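Please take these sequences and the hints and turn them into a complete structure.
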Amino acid sequence: MLLEISIYCRGGQGGVTAARILAATAMLQGYYSQSMPQFGPERRGAEVRAFLRISDERIRRKCPITYPDVVILFDLKLSFNGNPETVVVNCNGSSFTGHGNVFALDATEITRRYGLVNAGWPILGPAMAGTAAKALDLDPRCLLEAIRLELGDKADRSVKAAEEAYRVVECV
1 MLLEISIYCR
11 GGQGGVTAAR
21 ILAATAMLQG
31 YYSQSMPQFG
41 PERRGAEVRA
51 FLRISDERIR
61 RKCPITYPDV
71 VILFDLKLSF
81 NGNPETVVVN
91 CNGSSFTGHG
101 NVFALDATEI
111 TRRYGLVNAG
121 WPILGPAMAG
131 TAAKALDLDP
141 RCLLEAIRLE
151 LGDKADRSVK
161 AAEEAYRVVE
171 CV
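Numbering-wise, our numbering puts 153 at position 153 of the sequence shown, and it's gapless, one number per residue.
Treat each hint with caution, since some may be false.
Label-pair distances were calculated between CB atoms; the ranges are [claimed, not checked]:
| # | residue 1 | residue 2 | range |
| --- | --- | --- | --- |
| 1 | Gly120 | Glu57 | 41 to 47 Å |
| 2 | Arg167 | Asn83 | 16 to 22 Å |
| 3 | Ala46 | Glu85 | 25 to 31 Å |
No lab work stands behind these hints: they were computed from the structure.
Remember, predicted model here, so these are calculated numbers, not experimental data.
Think of the CB as a built atom: it goes at the ideal place given N, C-alpha and C, for glycine as much as any other residue.
Shown next, in the form of structure tokens:
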């Protein structure tokens, strides 16, 4: 099994961190994983992509993912390639259809509730990682441990946001 995942977000939203958290979560469960960002000298708000692979065998590919199995979309205004089997999307009541399994959640609201905001921008990474972990059927205990490993002393609010997102998201 090789699962290829693309994350589409804006700079400062936590997409690259979410990829690292999900990779660590998969590793804690005994899978092989890799995450890599794709961005240049962009600033906060510019489009950023991150890639994640999860496999039960060693991963040798190092290239960007063109046609992902799963897309994690932090912003509905961003577009993506292919026709993924699963889409994890941050939306606040807007409908998102036309793709296989859709896991939709208002991650912005959860993020704001836990005070995960920097200069007015919500840091969506932890909540979206929680949503994606549920969609990928990853163990929530491993997810929370991965957040603590990645964020250290600053993990408490992120753990709560990810935990809530994992608990409340459903396939629509």
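Quiz item: That 41 to 47 Å hint for glycine 120 and glutamate 57 (C-beta), does it hold up?
Solution: 43 Å, holds
Self-check item: Whether the CB-CB distance between alanine 46 and glutamate 85 falls inside 25 to 31 Å
Solution: 28 Å, holds
Practice problem: Given the range 16 to 22 Å, decide if the beta-carbon distance of arginine 167 to asparagine 83 lies inside it. | Solution: 29 Å, violated
This entry does not satisfy hint 2, going by the numbered hints stated previously; all others are met.
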